[in-house]
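**Q** Listed here are the chains, written in short residue letters.
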Amino acid sequence: MNVPTDHVLALAAVLFALGVLGFLVRKNVIIVLASIELMLNAANLSFLAASRHWSQDALAATHQPSAGPIFAIFVILVAAAEAAVGLALVIALYRLKQTVALDGVAELKG
Amino acid sequence: MYFDYLNALVFAAVGFVFVFANLILASVLRPKRKTDVGLETYECGEETIGDAWIQFDIRYYTVALVYVIFAVEIAFLFPWALVLGDAVANQGAAKGAGIGAFVLLEGVLFIVILFLGLAYVWAKGDLDWVLSYRHSTYQPPELRAKINLPQVKEIEAAQEAQKAAEPKPAPDTEEAA
Amino acid sequence: MSELSPYLADLPRLAPELLLTALALIVLVWDLVLRGRDSRKLGYLTLFGLVGTGWLLVQQWHAPTSTAFGMVVIDRFGTFFKLFTVGALAVVTLFVLSDRREKKHGVGEYFFLLIGAAIGIFFMVSTNNLVLLMLGLELLSLASYALAGFHKGSKRSAEAALKYIVFGGLSAGVMLYGISLLYGLTGTIDLAAMGRNAADGSSISLAAQFTASPVPVAIAVVLVLAGFAYKISVVPFHFWTPDVYEGAPTPVTTFLAVASKAAGFAALLRFIGALFMAEGVEVAVSAYAQRIGLLLALLAAITMTLGNLSALRQTNLKRLLAYSSIAHAGYALMGVAVMTSAGFSASIFYLAAYYLMNLGAFGFLLFFEGVTGSEDVDSLKGLGWRYPLVSCAMVVMLVSLTGLPPTVGFYGKYLLFYESVDAGYAWLAVVAALNSVVSLFYYFRVAKALFLTTVEDKPRVLQPVLTGIIAVLAVFTIVTGLFNRPLQEWANAGPASLHIPAAQK
Chain H
1 MNVPTDHVLA
11 LAAVLFALGV
21 LGFLVRKNVI
31 IVLASIELML
41 NAANLSFLAA
51 SRHWSQDALA
61 ATHQPSAGPI
71 FAIFVILVAA
81 AEAAVGLALV
91 IALYRLKQTV
101 ALDGVAELKG
Chain R
1 MYFDYLNALV
11 FAAVGFVFVF
21 ANLILASVLR
31 PKRKTDVGLE
41 TYECGEETIG
51 DAWIQFDIRY
61 YTVALVYVIF
71 AVEIAFLFPW
81 ALVLGDAVAN
91 QGAAKGAGIG
101 AFVLLEGVLF
111 IVILFLGLAY
121 VWAKGDLDWV
131 LSYRHSTYQP
141 PELRAKINLP
151 QVKEIEAAQE
161 AQKAAEPKPA
171 PDTEEAA
Chain P
1 MSELSPYLAD
11 LPRLAPELLL
21 TALALIVLVW
31 DLVLRGRDSR
41 KLGYLTLFGL
51 VGTGWLLVQQ
61 WHAPTSTAFG
71 MVVIDRFGTF
81 FKLFTVGALA
91 VVTLFVLSDR
101 REKKHGVGEY
111 FFLLIGAAIG
121 IFFMVSTNNL
131 VLLMLGLELL
141 SLASYALAGF
151 HKGSKRSAEA
161 ALKYIVFGGL
171 SAGVMLYGIS
181 LLYGLTGTID
191 LAAMGRNAAD
201 GSSISLAAQF
211 TASPVPVAIA
221 VVLVLAGFAY
231 KISVVPFHFW
241 TPDVYEGAPT
251 PVTTFLAVAS
261 KAAGFAALLR
271 FIGALFMAEG
281 VEVAVSAYAQ
291 RIGLLLALLA
301 AITMTLGNLS
311 ALRQTNLKRL
321 LAYSSIAHAG
331 YALMGVAVMT
341 SAGFSASIFY
351 LAAYYLMNLG
361 AFGFLLFFEG
371 VTGSEDVDSL
381 KGLGWRYPLV
391 SCAMVVMLVS
401 LTGLPPTVGF
411 YGKYLLFYES
421 VDAGYAWLAV
431 VAALNSVVSL
441 FYYFRVAKAL
451 FLTTVEDKPR
461 VLQPVLTGII
471 AVLAVFTIVT
481 GLFNRPLQEW
491 ANAGPASLHI
501 PAAQK
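Protein chains in written order, with this note's numbering: chain H, 1 to 110; chain R, 1 to 177; chain P, 1 to 505.
Treat the hints with care, since some could be wrong.
Heads up, simulated SDA-like pairs for lysine to any residue below, C-alpha to C-alpha not over 20 Å straight-line [stated by the list, open to error]: (1) P:41 to P:103; (2) R:124 to H:95; (3) R:124 to P:37; (4) P:152 to H:94.
Source of the hints: derived by calculation from the structure; they are not laboratory data.
Model the full assembly from the supplied sequences, consistent with the hints where possible.
**A** Listed below in structure tokens is the structure:
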């Protein structure tokens, strides 16, 4: 079975759209951070699909097929670091306000 | 082209059929006796307390943070180990590049910096499990009581003190009555 | 050890970055040893290290352009921004040390995070490799998130950091998805290779892809631009700016407004330069570049108008400066939008001016917080007569921010207006000129509060270090305004090292 690259890219696009949707409609900070993870992983899938496309025999010599997986690993790093800092900030805010809802934070306005 | 996905579809269909067929079969065959024990989530081990749909304590995320950092470290060490193997054995993609020592040094530097971070977190007391936040505002680690339970000696001392302080249940009063 | 030679030969080229990394680790470990006591020592160490880094960068300025490890491009464009970053960081470090509201102990992490952010900027402004660009950007962002939330016990600080990371995460996701599409379209992650068809056909240039299928290319480029727009707070990705700037500690706000924003601009200039304007980029791409230019021009106009109009109603000086920095991002974007070599130079010159005048303005804000403990414009009343030197310096900054002669802000704006009209964006120059008039109102309000009212005398609070910095910056603002030739020549070196031909219109 050989899945065409188009289909993988379409799946990545759908995942990305779901991530954006989740970011826009959810109020819980933790869910919002999870939506961001979904977007980053959609980018990862897209990187790997592209890498597979460029690693075909006719193209591999003149392109950089290995760049896709390398990028994907670094995206995983970015996602983890962002989640770590994000959750740490959520905990800091929870200590102060006992809430994880984005609506609940409104000290700064104007 | 879409035919390619037929085996995925068959896989999914078999999975669904397997699950639901077993559930239906079981509901037909099993005796219908509802006891308190039979309705529990797990049929052995700990007794369940309360609902599973509760919000987990935010403190668990501190554990998750540390875990995530080291999980990602491993994600980097796998590709590094593959390259190191090739570079040291002078084969594969690294053949003739002569980068064995350089690759080893890089890996060691990476891990050293990472452990510096771990040591930092440890020394700052952020790996301590916080037993309770008795104050509504943030308490730095050095001000938090690490364990709130009293020591055995303290309990014994308190009991002694209590005994000493209690007025003797004077036996003679009873006699007098 | 001879086998190490090809790699060791490249290491000296990264000397400034290596020095900063070593400095960061030393600060981190020393902070542990000090256990939060005496952490001002770490600030002095940081200053010392920054001076060393600056010296190494000056050496690099005179060295020819080179590439380290095939990823880090060491050219005058990058070195220019690195030098300004080091300068801004040194000033911010002095701000931290002289912040009267900051506690005197336990600020060791402050310096560690600032140096970390600077390392991110260093890699971000000097690479054509998208992996390294993304990593530099994220290192800067992660350090900034932590810095914005540095006052853990303050609700405003924690909220600012949370808003920052939520919007930052969104923009990182959008940008990375855009990069993944670019990689899918061209098969390379090198910006220079992406722009043009190499002789051996080693990539399909974006231009060729654009003639074949314009929509995916447009989506990819716009998604990546959205990531930059967040970093430089351009409409519609500016929502976080006022809240984060107001909630973060003032030295951090200074860092975000000055160094972080200029670094975002540097990466944006490199991205657009390599993709659309560098030598060897196909002719087919120029029509496409014009369209991107028009989009950027529209964004610039909207950004400066929205920033200035919102600043009009602010009563909090910190928030006022935040909106003013949004407006200035709009001005600086004009030079990018015109898509000419001279426009890029004008943008770089304006960013240098922006460094000077905003460092001064935020320094004044910090000074005045130390005196009154408040951020309200109203509580400035009469301070001009009590602190004449600092207040006069602030008036110079305000004149420069408005864009009036004889300051560097005037000359920067003049260059931007000239290049816009020259490239056929006369309407943009008109919008910008009208905006400058609007901005006069709120900048003047600050000056009015300082000098045109008098209140009863109170004992003076002396902050000699801050006074010195602000005075020096004010002098620089006037001197570089009057004698702008050297700065302009340095700015002109930028497009040259990005391989943008000067004659291109």
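**Q** Of all the hints numbered above, which does this structure not satisfy? Sort the numbers upward.
**A** Per hint list: zero violations.
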